[in-house]
Amino acid sequence: MNTPSNVMAESQSRSEALALDISPARQVYWLVQRELWENRSIYLAPLAVAAVFMVGFLVALIGLPARMRAAAALGPMQQHEAIGQPYVIVALMLMVIEFLVAVYYCLEALYGERRDRSILFWKSLPVSDVTTVLSKASIPMLVLPLVTVAVTVATQFLMLVVSSAVLAGSGVSPAMLWTHVPLFQTSLINFVHLVGFHGLWYAPLYGWLLMVSAWAKRAPFLWATLPPLAIGAVEKIAFNTSYFAAMVQSHFLGSPGSVTPAGGMTMEMLAPLPLGQFVLSPGLWIGLAVTAVFLFAAARLRRLRGLI
Amino acid sequence: MACIEARGLRKTFGATVALDGLDLQVEEGRILGLIGPNGAGKTTALNAIVGLTSYEGRLNVVGRNPWTEREQLMRDVCFIADVAVLPRWMRVSQALEYVAGIHPRFDRAKADAFLAKTTIRPASRVRELSKGMVTQLHLAVVMAIDARLLVLDEPTLGLDILSRKAFYDSLLNDYFERRRTIVVATHQVEEVQHVLTDLMFIDRGRIVFSRSMEDIESQYREVLVHPDRIAAARALNPIHERKGVGRSILLFEGLDREQLSVLGDVRTPSVADLFVAIMSGRRGQAQGATP
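From first to last, the protein sequence lines are chains A and R.
The numbering of the first sequence is the working numbering, which starts it at 1 and goes up by one.
The numbering of the second sequence is the working numbering, which starts it at 1001 and goes up by one.
Incorrect hints may appear among the rest.
[What the hints assert, rightly or not] Some chain R residues judged to face chain A by a derived CB distance under 10 Å, without partners named:
(1) Leu1073
(2) Val1077
(3) Phe1079
(4) Ala1081
(5) Ala1095
(6) Phe1209
The set of hints was computed from the structure by calculation and includes no laboratory data.
Think of the CB as a built atom: it goes at the ideal place given N, C-alpha and C, for glycine as much as any other residue.
With the rest of the complex left out, here is chain R (with noise of 0.2 Å):
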């Protein structure tokens, strides 16, 4: 069974479409990026999945329907909206507290474990904590929840390299541990890409682009054109194209690498440079459409 399924979601606010008939399926045990452009639909969509906000059409999570069972449903579901959500006055043990107290599936002592590797005190309230730990704090009691899905709406934002590197080595570390699935929404594309195992790209509230990441790498190639070939390789029809240094740098969808070798030096491209190609050959085809 899957553990997210979507069909035809649509959301709107006011005249604004959020969400535009959104399809999108998560097996079990996948860690999902969802990536897009400011107002795409992202936190729409993330919303809908943990039951903070009304839609049409079709989604079931883990089994139940978010709108109506919210409550039955988080205690299967984790969500980390982003790093502001903590209550401030609350302090580090009554979070773990209150969790313990009303969360059938909490283990106070895993929590416990976690923050004892930090430099957080139990009694510092999160008006205290920086904002780094305050994402420690919340990832310790997300972590210690023997939760199916975890679901993250730009958790590191606002956050240092550092605190976002060991954020992401925390999240891995438990994935390892217990294969939960993950959706993970970002707009910091280069700290995820290790993480994933599929990615999906979300533009104007649909899902225009879902792949594996090892179809990804077996799919799509990046080469570096020496310039006397570029007339050779454009006829090979890539994705898209931009300037590098002295070089064009062209993105080719299902050719070969020895195919691709005669034209310059090979290589996968990066989630990043991915998402550019993908997104602004879609913005092109948009104008193109209307003069």
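Next up, chain A with everything else stripped away, as it sits in the complex (with noise of 0.2 Å):
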């Protein structure tokens, strides 16, 4: 039996505990950190690529004087490729890696919590559907773009270090790598290049994915790739027209500031000319309504849906 001075107690801890609410942003830090713990090749794949890539770039470096003698002789353009290169192909590797884990990541975030049943344990906890599939939806939008942009900055900011170090070793002035790689502005063109690009513009296809994850009973991934390839297949068969494929591959594939420059890869390429022009663009704005389609359906099926 309680006594009165218990049930006193008890009464006002559970005001004060009333009191104490949980801020969304507070919410938010804790899901994200979640998603961290749960992932980890949201941060390790990125890591793992960079190094990869260093062993290789170090086991290089012996050769480097001799190449930056060599491009010494040759005209800007080519110098500023020649010279550009290795950092331009860090950046690339770590955009395509990024993508890959996204992708995997979406179609795995609302299947696997309904196969291994921890479904039950979150949904036990005073959180709503809406705020997990955002928050869920912020690690390829958001959380993969800036951790791969600070990955990429710090590797060429590191091959830049140990050039020089190199450079100045054997006699060379390690100045002409520093004017070719403007490690600020390249890391301003990596960052809109990957919170634009791969953050914003491909939303749509990783609330597809989302959505897909929390709706398939099994495969995952055939579900998310045979219906759009159908729906083509479909329009082709029926009226002789691919607008859908034409749709999907002007928005994933053409994207407005993919404008190549003639000439090799250099970083400047990677930018979205001009950046108002991106901000502007119709097609980003679709893109984003669409998305918040797909991630409200993946929000209502996720409290429909029950275990696999």
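The task is to assemble the complex, starting from two chains supplied on their own in separate frames and drawing on the hints.
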């Protein structure tokens, strides 16, 4: 039996607890933290790629002074390309791995928790389905691009420092290296490309994948890929048109910054030029609206769908 | 105000009727055992109560609609589905940090104190723990939440007898410290009967029996009838009869001890015996009704 003082202490502690509420920001912080605990590939995959690249780069450092002397004889454009090449390659490699991790993450995000029944634990806590889905969508749309930018910039900086040391040791001035690899500018381009394209421009893809992962009872990858292919095929057979395929293709392959400059690979070609045009392009906003629809559907499905 | 109030709860999965107009009321501070055969609708009923499944009918849990207000409901309600739902990748310390981060009524110190009494190490991952340890961890989390209602669905499934006993001991200790409402659904009737204040039997989506344990103790008597008194005993309308070792055991409702003691040895039936008696009575009626 409860004594009256017990009851009072109890009701007091409850009203205190009532006043203590969890702010949405704190909730999102812990939800994202949770995703990072579960999906360590979000940071381990870029770090592993960077580490592997660095090993190759360090081995190739032996020939660097000779290459720099050779580059000095080239014209300014070729010089820029030759010196900047390893820096572009590592950025591109990290972008590819970022994209693969994002796709894999989305397909697993709302499917795995139903398969291993842990959704019963998550749902026993005071977090809504919408908050959960939004926190999961923030991984491919924001967290992964930012992690990848950080890893890319750190790797490029390390490459510059090590290269400069090697050049200084062999009596070649590292000044040319720093003029052709402007780290600040390069990082900015990298940031805009990853956050803008990989995060926001590709968002409808992540929304679609998250929705499928909330819906599929098995094989989410097949469910994510077959229906778009089927729509394209049916359209082609029935109407002999390919509007759907063209729409998907133009959004994901022909984004409005990919005006490839003539010549080889340079960091500048990754920049969405100009930024104003990107922000104002209807494709971006239509894409984000479509993403919102997919994410809303994913949250509804998470509420309705049971265990697998 | 009742902690849980359900009126005419219905839920179907295709042609299968899981809940068939279930009515149920649980007052604050009770420990209710929900007992039923497989497929009776226990899990569906509990899932509806914690907002995991939609339903037809009226349902009010701690003053809220579970289906439309699950997020707010879960500040006041804790739920343990069964032993396998804690994510296997999670570390013990991460589980505590996460719940502390998102639950406004979680007391980390209390969970730590509970875990300190066990052999569970904070750095272990859930997948490295035994089934019994996972249940202890889940219980540590739930006990540290100042919730008004605790819903347990087969919480000790697959555990050995020592772990099961430890689980219910912890549950009772917590209950004496802070009276909250507990609903537990289980097959393992013998282990929960000393814990309960109320008992309900569920069959084919309906509550078919609902009494407090005090009522059961005062109302139900089991008699090991002397062989020569069997005719007299049967004349008193037993609700169930079964064969014991050399003697028939008859179950009576609403008769006093003195009246029955002339027939043989009188005792209070176990919940398991009561369950069998009431369920087989229902099955018998159902068979009689459809020849």
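Fill in: Hints the structure fails to honour
Result: hint 6 breaks, nothing else.
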